[in-house]
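Enquirer: The residues making up each chain are set out below.
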Amino acid sequence: MNNSASRALIPLGIFLVLAALLFYGLRLDPRKVPSPLVDKPAPSFTLQSLKDPGQTLTKDILLGKVSLVNVWASWCPSCRQEHGELMRIARENDVQVIGFNWKDTRPEALQMLRQYGDPYSTTLFDPDNQAGIDWGVYGAPETFVVDGEGIIRHKRIGPIDRAVWESEILPVVEQYRAK
Amino acid sequence: MMPINNPRLFSGALLAGALALSTAHAYTLEEFTFEDPARTDEFRTLIGELRCLVCQNESLAGSQAGVAQDLRKEVYRMMREGQSRQEVVDFLVARYGDFVLYEPPIKPSTYILWFGPFILVGVGGFLLFRTLQRKKAEPEEDLSEADRVRLQQLLAKTGDHQD
Numbered sequence: 098m099n100n101s102a103s104r105a106l107i108p109l110g111i112f113l114v115l116a117a118l119l120f121y122g123l124r125l126d127p128r129k130v131p132s133p134l135v136d137k138p139a140p141s142f143t144l145q146s147l148k149d150p151g152q153t154l155t156k157d158i159l160l161g162k163v164s165l166v167n168v169w170a171s172w173c174p175s176c177r178q179e180h181g182e183l184m185r186i187a188r189e190n191d192v193q194v195i196g197f198n199w200k201d202t203r204p205e206a207l208q209m210l211r212q213y214g215d216p217y218s219t220t221l222f223d224p225d226n227q228a229g230i231d232w233g234v235y236g237a238p239e240t241f242v243v244d245g246e247g248i249i250r251h252k253r254i255g256p257i258d259r260a261v262w263e264s265e266i267l268p269v270v271e272q273y274r275a276k
Numbered sequence: 445m446m447p448i449n450n451p452r453l454f455s456g457a458l459l460a461g462a463l464a465l466s467t468a469h470a471y472t473l474e475e476f477t478f479e480d481p482a483r484t485d486e487f488r489t490l491i492g493e494l495r496c497l498v499c500q501n502e503s504l505a506g507s508q509a510g511v512a513q514d515l516r517k518e519v520y521r522m523m524r525e526g527q528s529r530q531e532v533v534d535f536l537v538a539r540y541g542d543f544v545l546y547e548p549p550i551k552p553s554t555y556i557l558w559f560g561p562f563i564l565v566g567v568g569g570f571l572l573f574r575t576l577q578r579k580k581a582e583p584e585e586d587l588s589e590a591d592r593v594r595l596q597q598l599l600a601k602t603g604d605h606q607d
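Protein chains in written order, with my numbering: chain A, 98 to 276; chain B, 445 to 607.
Note that these hints are calculated values from the structure, not bench results.
Think of the CB as a built atom: it goes at the ideal place given N, C-alpha and C, for glycine as much as any other residue.
Incorrect hints may appear among the rest.
According to the in silico footprint, chain B covers these stretches of chain A (three or more CB under 8 Å from chain B) [what the hints assert, rightly or not]:
hint: 1; region: 124-132
hint: 2; region: 231-240
Here are the simulated distance ranges between beta carbons [as the list claims (entries may be wrong)]:
hint: 3; chain 1: B; residue 1: Phe570; chain 2: A; residue 2: Gln227; range: 32 to 38 Å
hint: 4; chain 1: B; residue 1: Lys517; chain 2: A; residue 2: Phe112; range: 47 to 53 Å
hint: 5; chain 1: B; residue 1: Arg524; chain 2: A; residue 2: Gln272; range: 40 to 46 Å
hint: 6; chain 1: B; residue 1: Leu599; chain 2: A; residue 2: Val114; range: 35 to 41 Å
hint: 7; chain 1: B; residue 1: Gly569; chain 2: A; residue 2: Gln227; range: 30 to 36 Å
hint: 8; chain 1: A; residue 1: Phe112; chain 2: B; residue 2: Gly569; range: 17 to 23 Å
Some residues of chain A that are not near chain B, with every Cβ distance over 12 Å (derived) [said to hold, decoys possible]:
hint: 9; residue: Asp157
hint: 10; residue: Ile158
hint: 11; residue: Val261
hint: 12; residue: Glu263
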């Protein structure tokens with residue numbers, strides 16, 4: 098009797114495990130696709146500077162300092178949403194914030210920086226998704242943390258706010274700044 | 445800052461925008477042709493098997509998303525240069541991960557995906573078989589001799605008993 102009672106609990110147990118897994122699955126965001134580039138050297142690029150078309154920028158600008166490479170565009174509402182937080186990060190932290198203007202036009206991009214401020218020490222201009230494909234960019238905003246040796250250490254998909262900065266990005270920045 | 449604080453309005457606007465775009469920029473794959481028709485077929489098959497990361501239920505062949513268009517062009521360019529299907533796939537996987545493939549490769553992290561269903565069928569079949577075996581082994585009824593006699597008497601009394 099005892100044996101059959103505990104046997105009757107087996108389907109219930111299986112059900113609970115399945116329910117827990119499915120419930121967990123509900124909370125995952127299928128848009129967040131893990132990047133195969135994490136812990137690999139950042140792809141090299143040759144792009145114009147957004148602000149100075151005559152200036153050519155390469156991967157060298159990433160070396161020697163921990164950088165946030167923030168993919169943004171003027172047509173992207175979430176980019177505007179995180180803009181204020183990027184301004185604060187650039188102002189209050191010892192981290193190099195590099196803009197990666199993506200699939201945008203120069204006048205519109207510059208207009209957005211004039212209107213909302215410019216958190217970027219340098220901004221790469223990639224209107225044709227040339228370097229974007231190499232970086233595996235598939236949307237904006239995306240933010241890469243690149244260490245001083247030019248290795249990608251983290252990729253954030255979606256906007257950054259205070260909570261994301263403190264719990265997700267700052268720890269990575271601090272870990273690699275120490276080195 | 446101009447936060448959009450009416451999500452309904454926002455998604456409505458997005459939908460309207462998407463509809464407007466899809467009618468304005470209907471595209472065809474006609475621009476992607478090769479001298480060798482087999483190569484054109486290969487190209488179309490390949491982009492049908494690659495996932496657009498923006499609209500995840502669409503293939504690169506079917507998606508209108510800007511990134512999908514860029515990637516179609518990139519795949520086309522690589523194939524024009526004579527690169528093989530495998531080279532194109534490796535190029536995309538190196539940048540976007542296995543996620544670009546509708547059919548994930550067989551490797552340790554995907555074993556459960558590929559072999560899980562067969563294991564489940566196997567376990568289910570084994571349990572079913574065992575249960576049936578046990579049923580057969582068990583005696584049909586378990587009456588004492590006295591009960592059997594009483595049963596015969598009861599059946600005889602009802603008159604339904606044919607023999």
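Enquirer: Hints first: check each against the structure and report whether it holds.
Expert: Structure-based check of all given hints:
Coverage of a stretch by a chain is defined here by at least three residues with a beta carbon nearer than 8 Å to that chain's beta carbons; for the region 124-132 of chain A and chain B the count is 5, and the condition holds. With a threshold of 8 Å between beta carbons, the proposed coverage of the region 231-240 of chain A by chain B holds, since 6 of its residues qualify and at least three are required. Here the CB-CB span from Phe570 of chain B to Gln227 of chain A is close to 56 Å, at odds with the stated 32 to 38 Å. Taking the beta carbon of each, Lys517 of chain B and Phe112 of chain A are about 49 Å apart, inside 47 to 53 Å as hinted.
The hinted range of 40 to 46 Å is satisfied by Arg524 of chain B and Gln272 of chain A, whose Cβ atoms lie roughly 44 Å apart. Checking the proposed 35 to 41 Å range against Leu599 of chain B and Val114 of chain A shows it is violated: the Cβ atoms sit about 50 Å from each other. Checked against the given bound of 30 to 36 Å, the beta carbons of Gly569 of chain B and Gln227 of chain A, roughly 54 Å apart, lie outside it. Judged by the Cβ atoms, the range 17 to 23 Å given for Phe112 of chain A and Gly569 of chain B holds: they are separated by roughly 21 Å.
Every CB of chain B is more than 12 Å from the CB of Asp157 of chain A (nearest about 21 Å), matching its label as outside the interface. For Ile158 of chain A, the condition that its CB be more than 12 Å from all CB atoms of chain B holds, with the nearest at approximately 21 Å. For Val261 of chain A, the non-interface assignment is confirmed: its Cβ lies about 17 Å from the closest Cβ of chain B, beyond the 12 Å cut-off. No beta-carbon of chain B comes within 12 Å of the beta-carbon of Glu263 of chain A; the shortest separation is about 20 Å.
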